[in-house]
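Each chain, written out:
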Amino acid sequence: MEEDKKKNQNPQESSENPPKHFSFSGFKGLKHSNTASPENDDVRKEEKIEKVLDSQNIEKADVGATIETLAPAESQKNSQDLSKNGISDSDPQEQGNVEENLDAEAVKSKASQNETIPKKTPQTEVKKATPNEAKQTNDKMRAPVRKSQGLPRRHPHSNASAQKGENIAAGAYDSKLQEIDDMRLNSKKKTTNRRQNRSDAKTLKTAKKSNGGLPSRKHKRKKFKAWQKVLIVLLVIFAAGVAGVFAMYQRNRVDISNYTYKEKQKTQIISSDNQVIAELFTENRTYVSLNQIPDNMKNALIATEDSRFYDHGGVDYYGILRSLAFNALHRNTRSQGASTLTQQLARTLFLPDISSEQTFMDSLNRKFKEISIARQLNKKYSKNQILEMYLNETYFGSSAYGIEEAAKTYFGKDIWDCDLAECAVLAGLPQAPSGYAPNIHPEAAKRRQGEVLDRMVKTGYITKSQADQAKAEQLNVVSWDASKLNNQVTEGYEKFVNRALQQYAEAVAPNVMKKQGISKKEAIKYTRTQVASGGYKIYTTINTGMQSKALDISLKKYPKGSSTTNAIVTLDQDGSVRAYYGGNTEVDMCNTARQPGSNIKPLYYSCAIDKGIFNANSQLHNYGTYGNWTPRAEGGGSTVSLTTAIVKSYNPPAAYVWYTLGNQTAVDWIKTMGITTFTSSDYNINTCVGGMLYGIKPIEMAAAFNIFNNNGIYNQPKFVTRVQNSNGSTIFKSSDLNLDTHQVMKSSTASTMKSILRQVVTSGTGTNANVYGTAGKTGTTDNGKDLWFTGMTGNLTTSIWTGNLNNKAIGGYGATSAATYGSYMKALGSANLITGLNSSN
Amino acid sequence: MNQKEINQTLEILQDLYGTQKCGLDFNSPYELLIATMLSAQCTDVRVNKVTEELFKTYNTPEKMLQLTEEDLKKKIKSCGLANTKAKNILKTSHLLLSEFNGIVPKTMKELTSLPGVGRKTANVVMSNAFGIPAIAVDTHVFRVSNRLGLAKGKNVLEVEKGLRKNIPESKWSAAHHQLIWHGRKICSARNPKCDICPLNDLCDYKKADA
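Residue numbers (this note's numbering), protein chains in the order written: chain A, 1 to 841; chain B, 1001 to 1210.
Just so you know, these hints were derived from the structure itself, not from any lab. This structure is a prediction, so every number in the text was calculated from the model and none was measured. All residues carry an ideal CB built from backbone N, CA and C; glycine is no exception. Possibly wrong hints are sitting among the right ones.
What the hints assert, rightly or not - With a straight-line cut-off of 30 Å between C-alpha atoms, the simulated DSS-like cross-links for lysine-lysine are: (1) A:K808 to B:K1074; (2) A:K560 to A:K367; (3) A:K560 to B:K1185.
What the hints assert, rightly or not - Estimated spans, in silico, between C-beta atoms of each pair: (4) A:T676 to B:N1155: 53 to 63 Å; (5) B:E1011 to A:S563: 51 to 61 Å; (6) A:A831 to B:D1025: 35 to 45 Å; (7) B:Q1041 to A:Q488: 22 to 32 Å; (8) A:K671 to B:K1056: 46 to 56 Å.
Hey, can you work out the whole structure from these sequences and the hints?
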């Protein structure tokens, strides 16, 4: 236990992770700190540092004295400073010798510590050691290593340099030190493992001695950025002369010559009876043309984001210089940007994933790409086109894309009705769409509006009095309607829409994979995203009449929130999905395998009939033991006819038939009927009563029963009939789905089975479904966990599952689902939705 | 109690209670079957209240099977033993559909093959629904028969056999109801009202007491 603790708080361990929060009180005020960690393994970096220093015209002697070979005097001063800050440090004299004998220092430091804080054990000190201290310690620890490798030695800490550095150009100097810090920090990470093996005791003893006041990481990061910007200054200023930069630009050049701008549009999903069941969009956007947008809006945007918009060639080099200069001079204020509208548009259209940028190099690469695209856009499109694209593409916060949705979202009116005050608010948004959103941060939005108006005055678009008038105007902001966020899918159609999109995406996946060189999974995801903003019309098989009846009937019995629910899926003879209700939760129960119980029996009985092993009148054993399973006889004599066995759903003859077929034959047969959920453990006699590992999906059960209703031919369920692009031309037909269709059994077998299943409904367990000459089969699993009925009425085959999502038994029998089937079919019949009914029915 | 006394007893019972109908309300053999199943450990009055509501919608095996166990449990909760009763009613309904084409069978053997249906329920159904002479021995019949000496037995089956032997077949159903009524009104389980009992000079229990 004690040892664990010790280990956990081992400063060396904590230094493994780069220090994240240095909040050592005494040093908060320090601008920077030189951790001076030696890079035993990376001499190149040091050289680089020195090079950079040279180029900065900082006297190498100065910096060198501070960083590379710490002068004893300085170190002394340093330690004195530290003592002032309340940290007990070692003897100044000893400091002078620090380079010569660090080990000795360590020992002495222990001694001095023990004097000042005699009661503290090394362990308790360790507990107090901040990562910072630990780091310092490690620096010391490693010094001898450096020595032995003949590398220049460093002082473990160099805060002193910051304090005495008044004669050094503060900004450049600081940033150089910062750079060095960071490089060392990085190399330090690499050496951590080696240090791990060093003696604990030593570390413990020296831990307290540390004086390392590194600035907080947060602070540091800010500086890091500032430093980056300085580097950008250097790189961009000398870009023309530096081949490397040019090469970089070349490498990041993006060719958009084949690109044609197309506005993103909503995609519609349409039912077989021509109802729009869903509108999809990745971004909530309504396109408006430039002449619909008031001048105030355009001017406000240009004044705010890119005042030289009409003058530059896509990239504002003057602006870049200006912002670089500004940023270099005002390092503590918010940095100025130089992205033109065109560059921002380039980013919106082509490089949307800025959030994935990890490193500075990533963002530099992105910048080059952006510049290259912006230049080409500028050639390709007029300024007004670019402005129109910008206004329609840009995100304005609150899930509003494009200026029209933004005007609607914030002010509840069209953009052409917005006055100067409102336009100024909207123009301020692209910089920080949520930060300035008037519905969330009204004060910030008002402030930003003022900034925009001031800029407009400055650039001469409006007069001061106009600006003042606009500023005084009361803004009427509408509150946010979050319901607009999502795709507009008609309630109850979500799961069908999902399956339809999936079927389409899977069908086109091979092409997309080839074109984009991506995996199938990525191709599907890509297509689905593309579809949602492509302005497509996707025509589907669903019938809204049937779907609404299915929804009515199930939701009346099992409303949202009820733990019990249904899956109802109706197929036409050709496999078209006419109704698809996946239950009252997010889970799509139509596409979830559940134990089928006796509902599976007709599937393999048909195999025995088709192969001529048995016929409808064959007498089957109504007894028997199979392995260690003896199915319980529930009635009948020692033999029953095959018809009776199915109608009364006796288990012993079912097992007898399965056994006669054999596991392999039976399962393989059912697989040809489109059931995909078999596992190796399902090659088992228990499958004959539905005892499968996963079970069967209602949609596949319906497709399998459809074979009996379709002369023995299997048709894979079909969701999509065709897809039209935004020009109205058909780009995808149902034949492109390549759906499976094949003859599974003789037509006579199918009709024999259908007539047996008819008797189930007239005189067996399915009487509740006895409408319109329905034929079908019930299924019930242990204690009524899953209640099934799959039936055929006219040309429709429907599978209904009833159960609890959590697989808790609801009790009851397949007859419950048969009853649901009965009332569903009655509803369809009275709405004249069932085709292919016999006139006698 | 000899045969003469038995006949006298039956006559007095007939005078006292007349020809009684079954205490349960029903309109079909299936309803009676379900009501009888529900009446275990419960009063007829309570059962009638429950079935009045239940049978409005669910008066056939098919319709009953529209209910899940949970649904049915809620509806019959006040009868007690709802868990078992709901399970048995659904299972029975299911078997009626799958084995008997939805028709309640008439023989003791077939009836007792249904879950939750024993000799007593079967006898009640047979005698009341189909008019087949039968004596169902419930708690009242068992107690009163033993006390009077109409038929002695350690269990209901013995008592039923004794009653079948001692009572002419034509009077089985009537005697059954009369014994029940006597058990309810006078010959109660605790503190039987022997002082007002018209049968007290014939009764073995009273004789033994005296």
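A quick look at each hint next to the structure:
no., hint, in the structure
1, A:K808 to B:K1074, "holds, 17 Å"
2, A:K560 to A:K367, "violated, 50 Å"
3, A:K560 to B:K1185, "violated, 52 Å"
4, A:T676 to B:N1155: 53 to 63 Å, "holds, 57 Å"
5, B:E1011 to A:S563: 51 to 61 Å, "holds, 60 Å"
6, A:A831 to B:D1025: 35 to 45 Å, "holds, 39 Å"
7, B:Q1041 to A:Q488: 22 to 32 Å, "violated, 57 Å"
8, A:K671 to B:K1056: 46 to 56 Å, "holds, 47 Å"
Hints 2, 3 and 7 from the earlier list are contradicted by this structure; the remaining hints agree with it.
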